[in-house]
Amino acid sequence: MSYEPIFAQFWESVKQSIQNGTYAKLTLAKTIGDTELKNIYVRPVLLEDDVFSLSLSAKYKTEEIESFHTIDEAFIVLAPYMNNPFLTALLFTTENDITFKLNKKRVGSIIEQPPTFKNASDVIIEMKEKGISI
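So the sequence shown is residues 1 to 134, counted in this note's numbering.
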(Lines of atoms letter the chains of each structure in order from A; the text may use other names.)
(Lines give C-alpha, C1' and ligand atoms only; values in the text may rest on other atoms or scores of the structure.)
Protein backbone atom coordinates (compact mmCIF):
# COMPACT_ATOMS: atom_id res chain seq x y z
CA MET A 1 0.00 0.00 0.00
CA SER A 2 1.24 3.46 -0.86
CA TYR A 3 1.88 5.98 1.93
CA GLU A 4 0.59 8.94 -0.12
CA PRO A 5 -3.09 8.71 1.00
CA ILE A 6 -1.98 8.65 4.63
CA PHE A 7 0.30 11.66 4.08
CA ALA A 8 -2.66 13.45 2.45
CA GLN A 9 -4.71 12.65 5.57
CA PHE A 10 -1.87 14.03 7.71
CA TRP A 11 -1.86 17.22 5.57
CA GLU A 12 -5.58 17.64 6.28
CA SER A 13 -4.62 17.81 9.97
CA VAL A 14 -2.11 20.54 9.09
CA LYS A 15 -4.77 22.56 7.24
CA GLN A 16 -7.30 22.04 10.01
CA SER A 17 -4.85 23.18 12.71
CA ILE A 18 -4.17 26.40 10.75
CA GLN A 19 -7.90 27.03 10.26
CA ASN A 20 -8.62 26.27 13.95
CA GLY A 21 -5.79 28.51 15.15
CA THR A 22 -3.97 25.68 16.96
CA TYR A 23 -0.95 25.32 14.61
CA ALA A 24 2.42 25.75 16.34
CA LYS A 25 5.06 24.18 14.08
CA LEU A 26 5.72 21.56 11.37
CA THR A 27 9.02 19.80 10.72
CA LEU A 28 10.09 17.17 8.20
CA ALA A 29 12.93 15.18 9.73
CA LYS A 30 14.64 11.81 10.19
CA THR A 31 16.50 11.30 6.95
CA ILE A 32 17.62 8.06 5.38
CA GLY A 33 21.40 8.02 5.74
CA ASP A 34 23.66 11.07 5.50
CA THR A 35 21.89 13.48 3.17
CA GLU A 36 22.58 17.04 2.04
CA LEU A 37 19.08 18.09 3.09
CA LYS A 38 18.73 17.81 6.88
CA ASN A 39 15.26 19.26 7.72
CA ILE A 40 12.43 21.31 6.34
CA TYR A 41 10.66 23.66 8.74
CA VAL A 42 7.20 24.97 7.87
CA ARG A 43 5.91 28.10 9.56
CA PRO A 44 3.07 30.48 8.83
CA VAL A 45 3.85 34.03 7.77
CA LEU A 46 1.82 37.10 6.86
CA LEU A 47 3.13 38.76 3.74
CA GLU A 48 2.24 42.26 2.50
CA ASP A 49 -1.42 43.21 2.92
CA ASP A 50 -1.86 40.41 5.50
CA VAL A 51 -1.70 37.66 2.86
CA PHE A 52 -1.25 34.28 4.56
CA SER A 53 1.55 32.05 3.33
CA LEU A 54 3.66 29.15 4.54
CA SER A 55 7.40 29.63 4.77
CA LEU A 56 9.34 26.46 3.90
CA SER A 57 12.90 26.61 5.23
CA ALA A 58 15.02 23.82 3.79
CA LYS A 59 18.14 23.30 5.91
CA TYR A 60 21.04 21.81 4.00
CA LYS A 61 24.52 20.98 5.31
CA THR A 62 25.94 24.24 3.98
CA GLU A 63 22.96 26.54 3.35
CA GLU A 64 19.33 27.30 4.06
CA ILE A 65 16.76 28.05 1.35
CA GLU A 66 13.41 29.67 2.17
CA SER A 67 10.38 29.71 -0.11
CA PHE A 68 6.78 30.87 0.35
CA HIS A 69 3.68 28.93 -0.69
CA THR A 70 -0.06 28.63 -0.20
CA ILE A 71 -1.23 25.66 1.88
CA ASP A 72 -2.04 23.61 -1.21
CA GLU A 73 1.21 24.53 -2.96
CA ALA A 74 3.17 23.58 0.17
CA PHE A 75 1.65 20.08 0.07
CA ILE A 76 2.73 19.67 -3.57
CA VAL A 77 6.25 20.88 -2.71
CA LEU A 78 6.65 18.77 0.46
CA ALA A 79 5.04 15.46 -0.58
CA PRO A 80 7.96 14.33 -2.81
CA TYR A 81 10.37 14.73 0.13
CA MET A 82 8.55 12.05 2.10
CA ASN A 83 10.44 8.78 1.65
CA ASN A 84 13.24 10.67 -0.08
CA PRO A 85 14.95 11.68 2.16
CA PHE A 86 12.49 12.09 5.08
CA LEU A 87 10.74 9.36 7.05
CA THR A 88 8.92 11.61 9.54
CA ALA A 89 6.74 14.73 9.51
CA LEU A 90 5.90 16.22 12.93
CA LEU A 91 2.96 18.59 13.35
CA PHE A 92 2.86 20.42 16.67
CA THR A 93 -0.47 21.96 17.67
CA THR A 94 -1.88 23.23 20.95
CA GLU A 95 -4.29 20.27 20.99
CA ASN A 96 -1.87 17.42 20.21
CA ASP A 97 1.30 16.44 18.39
CA ILE A 98 0.61 14.49 15.21
CA THR A 99 3.41 12.44 13.66
CA PHE A 100 3.41 10.94 10.17
CA LYS A 101 5.94 8.09 10.02
CA LEU A 102 7.19 5.73 7.36
CA ASN A 103 8.42 2.37 8.59
CA LYS A 104 11.13 0.18 7.00
CA LYS A 105 8.62 -1.18 4.49
CA ARG A 106 7.61 2.43 3.68
CA VAL A 107 4.13 2.01 5.11
CA GLY A 108 2.78 5.28 6.52
CA SER A 109 1.11 5.73 9.87
CA ILE A 110 -0.18 8.64 11.94
CA ILE A 111 0.42 8.83 15.69
CA GLU A 112 -1.15 11.38 18.04
CA GLN A 113 0.43 12.35 21.35
CA PRO A 114 -0.18 15.01 24.02
CA PRO A 115 0.83 18.53 22.90
CA THR A 116 4.38 19.83 23.29
CA PHE A 117 3.36 23.48 22.77
CA LYS A 118 0.89 25.44 24.91
CA ASN A 119 0.61 28.36 22.45
CA ALA A 120 -0.04 28.53 18.73
CA SER A 121 2.44 30.18 16.37
CA ASP A 122 2.71 33.96 16.83
CA VAL A 123 1.43 34.47 13.27
CA ILE A 124 -1.62 32.26 13.94
CA ILE A 125 -2.35 34.29 17.09
CA GLU A 126 -1.95 37.55 15.12
CA MET A 127 -4.33 36.26 12.45
CA LYS A 128 -6.94 35.45 15.10
CA GLU A 129 -6.59 38.96 16.54
CA LYS A 130 -6.96 40.57 13.09
CA GLY A 131 -9.85 38.30 12.13
CA ILE A 132 -7.96 36.80 9.18
CA SER A 133 -9.14 33.34 8.19
CA ILE A 134 -7.85 30.90 5.61
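For the record, the hints were derived by calculation from the structure and aren't laboratory data.
Don't take each hint at face value.
[As the list claims (entries may be wrong)] Under the rule of at most 27 Å between Cα atoms (straight-line distance), these lysine-lysine pairs were calculated in the DSSO-like manner: (1) Lys38 to Lys101; (2) Lys38 to Lys104; (3) Lys118 to Lys61; (4) Lys15 to Lys59.
Violations among the numbered hints: 3
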